[in-house]
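**Q** Here's the letter readout for the chains.
Protein chains: 4
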Amino acid sequence: MIQEDKMSSPRRIGIIGSTGYVGMELVRLLSAHPEFRLTRLVSRSYKDQLFSDVYPGFRKTADIPLTASDPDDLAQACDFVITALPHGVSSEQVPVLLDKGLRVIDHSGDYRYRSLQDYQKAYKLVHPSSHLLNEAVYGLPEIYRQQISMARLVANPGCYPTCSLLALMPVLKYNLVEKENIIIDAVSGVSGAGRKADLDFSYCETESSFKAYGVVGHRHTSEIEQEASLMAGSSGRVKLTFTPHLAPMKRGMLATVYARLKPGVDEKAIQQAFSSLYDDEYFIRQLPAGQVPETRHVTYTNFCDLAWALDSSTGMLKILSAIDNLGKGAAAQAVQALNCMAGLPEAMGLAGSGGSV
Amino acid sequence: MIQEDKMSSPRRIGIIGSTGYVGMELVRLLSAHPEFRLTRLVSRSYKDQLFSDVYPGFRKTADIPLTASDPDDLAQACDFVITALPHGVSSEQVPVLLDKGLRVIDHSGDYRYRSLQDYQKAYKLVHPSSHLLNEAVYGLPEIYRQQISMARLVANPGCYPTCSLLALMPVLKYNLVEKENIIIDAVSGVSGAGRKADLDFSYCETESSFKAYGVVGHRHTSEIEQEASLMAGSSGRVKLTFTPHLAPMKRGMLATVYARLKPGVDEKAIQQAFSSLYDDEYFIRQLPAGQVPETRHVTYTNFCDLAWALDSSTGMLKILSAIDNLGKGAAAQAVQALNCMAGLPEAMGLAGSGGSV
Amino acid sequence: MIQEDKMSSPRRIGIIGSTGYVGMELVRLLSAHPEFRLTRLVSRSYKDQLFSDVYPGFRKTADIPLTASDPDDLAQACDFVITALPHGVSSEQVPVLLDKGLRVIDHSGDYRYRSLQDYQKAYKLVHPSSHLLNEAVYGLPEIYRQQISMARLVANPGCYPTCSLLALMPVLKYNLVEKENIIIDAVSGVSGAGRKADLDFSYCETESSFKAYGVVGHRHTSEIEQEASLMAGSSGRVKLTFTPHLAPMKRGMLATVYARLKPGVDEKAIQQAFSSLYDDEYFIRQLPAGQVPETRHVTYTNFCDLAWALDSSTGMLKILSAIDNLGKGAAAQAVQALNCMAGLPEAMGLAGSGGSV
Amino acid sequence: MIQEDKMSSPRRIGIIGSTGYVGMELVRLLSAHPEFRLTRLVSRSYKDQLFSDVYPGFRKTADIPLTASDPDDLAQACDFVITALPHGVSSEQVPVLLDKGLRVIDHSGDYRYRSLQDYQKAYKLVHPSSHLLNEAVYGLPEIYRQQISMARLVANPGCYPTCSLLALMPVLKYNLVEKENIIIDAVSGVSGAGRKADLDFSYCETESSFKAYGVVGHRHTSEIEQEASLMAGSSGRVKLTFTPHLAPMKRGMLATVYARLKPGVDEKAIQQAFSSLYDDEYFIRQLPAGQVPETRHVTYTNFCDLAWALDSSTGMLKILSAIDNLGKGAAAQAVQALNCMAGLPEAMGLAGSGGSV
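As given, the protein sequences belong to chains V, G, L and W, one line each in that order. As numbered in this note's numbering, residues 1 to 357 make up the first sequence, in order. As numbered in this note's numbering, residues 1 to 357 make up the second sequence, in order. As numbered in this note's numbering, residues 1 to 357 make up the third sequence, in order. As numbered in this note's numbering, residues 1 to 357 make up the fourth sequence, in order.
Any given hint could be a false lead.
Treat identical chains as interchangeable: a pair holds within one or across any two.
With a straight-line Cα cutoff of 25 Å, these simulated DSS-like cross-link-like pairs (lysine-lysine) come out [said to hold, decoys possible]:
{"#": "1", "residue 1": "K239", "residue 2": "K173"}
{"#": "2", "residue 1": "K100", "residue 2": "K124"}
{"#": "3", "residue 1": "K262", "residue 2": "K179"}
Simulated from the structure, these hints should not be mistaken for laboratory data.
The whole structure should be built from the sequences, with the hints applied where relevant.
**A** Here it is, written out as structure tokens:
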């Protein structure tokens, strides 16, 4: 809002698809960010209204006009553009933005895959800009920080993949678990389904109920497998079983990951793997022994809370990982990547405490 | 309330521990049951008040005096007694009730185990009446209907075990899955923690949050293993991995069960196993293909909604099972058992529809 | 489901508009009622499906086919029809049903008014069957029990009017309060808005929030004024101020009613007025002094919980009234009226206890 | 955490009673404030732990040690102290802090009253430091901005009084409504009851329910009357009727205020009164005609959303006012006052957008 004169040359940001929930969270974070300035909010559905007409909670903090999508205008007014568009729409609009010289962070699944076949299998869509798959960087800073900082195009990871991969990275990188029997049982808050009029997500059909969905073949499975396999390296491709669930809460995501320890691996090795990778990661909070992540502690933040426990009677390792699906699972992670791209400290503008109450 | 003259000789029921949530649900069901009459409600904490003083929702429907526990009085006034007492308390009080000639359904863990060692390992308690472990019948009518009908002492199963075992029974009985890699990821509503003043279950610390708890070594693991192994029969003892979670809702339980198919087993075999065991079970609702259980559809009922899906890319079978933790997971199941014991139709007094809205 | 042979000649009931929330609640109650049989469920949107396809919580308890609306078929198959149709639709369909010889309970606003002008002012609709306004009986059994029992057409009251009028009746009938300054501040659960895909009632836009709506000129104002004025009798027409609110819960309604005592009226007179009218009313629960109604205690019931308190420093009387908006505020009250019409005990099939947990 | 070197001489803040919900919200706001530094967090219950041990959502953002209360230590380490203590405890501890030269903002009711008798009547407590009642400034910056800036002792207003007084101020200051018939019907989220183990505020007894409480004689009545009478000035003391309610949500407060217009007052006069007082107030958001405040739009902020409507059929004015009970109703308002006291812009550190989703 009152960002005009915060500094001499703040980076100028545009958001396309700004009135969905991911867009809203981006506006929340970026309107309060000390080094970015929101110069364009694009919305097809609400153009010519103010952002705060759509989200009255942002009156006085983001009374920003919503505009139609116009690549030339965006190129003139912005340094970076964040797209929060449906799958299949990004793949058409993003190349145009790149051609105009903009750097882009995209929230769809369109640029997350290394292999066109994997994308097509998961999304059943033709890809009009598959030449960019090679260039796009998977936007998980805890893995690809270096590449993100120099990228033209960052593919912001899915929420379930973020939550799952941060849980799995230590044990896959250090080769501590079997690759064939990994199970990810995960739960999301309702905002993960997006902003829409849909009886299935109406209050009366959602409140006080719990269910699985997308029980077989959820798209995020192959996205997790791709990155998990890269983590595992030469030791072989990861195949995993993934089940998403819906819990009656607006925000929050928990993954309970099951992996079988390799012979000879003990708790100390697990501890060292987590410590080695995460002790210096600000947004990873490794919980003390005996504590478990609760989604309320990460809502409205970019934190990922992690804990693990070994079930000695079965040799099964359980890793618990909690994020805010709109935070580290979407908008806050995009801001973290944006900080990288802009050469700013990664935590800038992301210092808030967890929701709690 | 208007139970006095429903029939010439209704069975007379007493409940010990009637003011906890399981007790409340028993009163709800039994005060409306056509063939039972609540003649004693025992409550240590609230004696000399009315049940409806403690639960004002029951004014006019259960204005029943709460009394102190007195075995002689119970023996005189009741035909059956249901105990909803803490573990370690039941094991002291139940033998006294049996000695007075009463038939008992117990809700604690004290009589669920066949092996004293398993009980002691799970509950860390001395068992003053372990001679009854042999006699007690595990109160899952879908397995032990016959024995329940003649039992003096029925051990009502735990909520997680009920939900999990009904999911697993077909594939274990028909030997369709490997016994070593079973994972049960389950979720309960908050009423499972009981009625108590506890900051951890206060509204502000519970609402809008999701977490795991008892991550390693939850007591219900060994209870499930015991009954699952009996189902599996000669094919070997079942070892399983179990993780309970807490969701922000009052009632409801969902288990997502993962088991690896044995070589050569196909979907048709799975279908036949479920069909063979459950087509005639009124309280098991097998969902049509493509549908998933939602906890809201079973709240306030004795139903267990079941669905399964085969993940062909990993050979993993997923079975989804939903119950009401206070219904089929506790009080309604006890009423089902009570119907068996009394020679009544199993569904009598349990014909209500699911909560839905 | 298993209703066929419950008795020799059960009354046969049809429901038009059976798949909305009021319809669902009617099916819940009537499918378990000992003396009624659901013979027709009419649904335009879901015809040829089963009711339990739309509400999976009713699998096995109401696997009843949904049919198109056909007055001849209804006349042949039913003794009574309950219509849960939008305002302006009932006024077209109800006369046809009456002409076929059916007795009807209607849930819309179309027959609640004595005056056509009041109806037109509140609903801005032409009324094609206004000749029935005179015949229709306002379906609040606590007032019009006698007329309901003989009625061809019963207009089931609105939820807010039911909740408010039961609070006001004693003090208006006994002329204890001023008629000009009555204020009704009331709150409803979300199911009051009906079953529909609407962003305003989506989970994410509704959960954890509270607001007023229809702040000026809500239709129920004039409905309450009509009946309140009749209660007040010769002492003058009641004008009142009414504000409805929406609370984040599925069911439940609370009215906080403010009225100024007439000079000389004391607490004893108030107590006597309530006692005189309500001591024999089964569905009115007058709370002991110091207790307040909570909506959870009346959910899933036909009860209205009432309490009052006198603010001696201002002379203002506060009356608190809680109902389930789908229960006493809609479907359960219709069943109560149906019992009257059929010559059955009013509480038959309505004996359940409050939701509580 | 990263507060050390934010600026050369940040103001140093201590909080006593830091682990209640108001304390938590103060830590959230002040740990992110650019010009304040949290140097002491006092907690009797949790001393020697970290704040983030009690609130794990604050790991890495507020790993601040909790200390015992020691006035000398506070005087040495702090410039300002905020007390979030129970009524009757503040009145003993605050004088000691003032004597040590500290400036204090107190959250209890102990210094909100101008008259000792009013305090004693409302709180039934002896007041050991009643000499401070004269000096203490009522901490509503929209009224007492000037006095707050110079105060040694600020009494932070109650949540209901803040919400109600901001609604009433324009019509009382401009003498537009009758003073005798004001009714305030208000609703709070559950966090207003504080952080405690209490069955009445347990999840299962609170979720999905709505009720009134403190129906007659709630303490905030007299606090509102005091300030409302001062607003009304010579035109006479305000007597009002106030009823608080509890809604199933963690945060948020809505007041629906009813006042009868004086003869001759029209909508334009009302509009001018609001506009005149509030157009320049950053934290007051006057909604466009036809919109109503929703609590979700103000959660996690210091905003008060206001709307009003005239019921022309009764001459009753309705004013709707929404705040976050922990925000503008407690901690955020204290930070606003603290900014005043420190000579900083009032909105500093309070620029966040409303919760929304």
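**Q** With identical chains, the pair K100 and K124 could be close in the same copy or across copies; at 25 Å between alpha carbons, which is it: within, between, both, or neither?
**A** Answer is neither; intra-copy 29 Å and inter-copy 55 Å both fail.
**Q** Within, between, both or neither: how does the pair K239, K173 come out at a Cα-Cα threshold of 25 Å?
**A** Answer is within: at 15 Å inside a copy they meet the 25 Å cutoff, but 28 Å across does not.
**Q** Regarding K262 and K179, is the shortest C-alpha distance of 25 Å or less found within a copy, between copies, in both, or in neither?
**A** For K262 and K179, the Cα distance is within 25 Å both inside one copy (9 Å) and across copies (19 Å).
The structure shown violates just one earlier hint, number 2.
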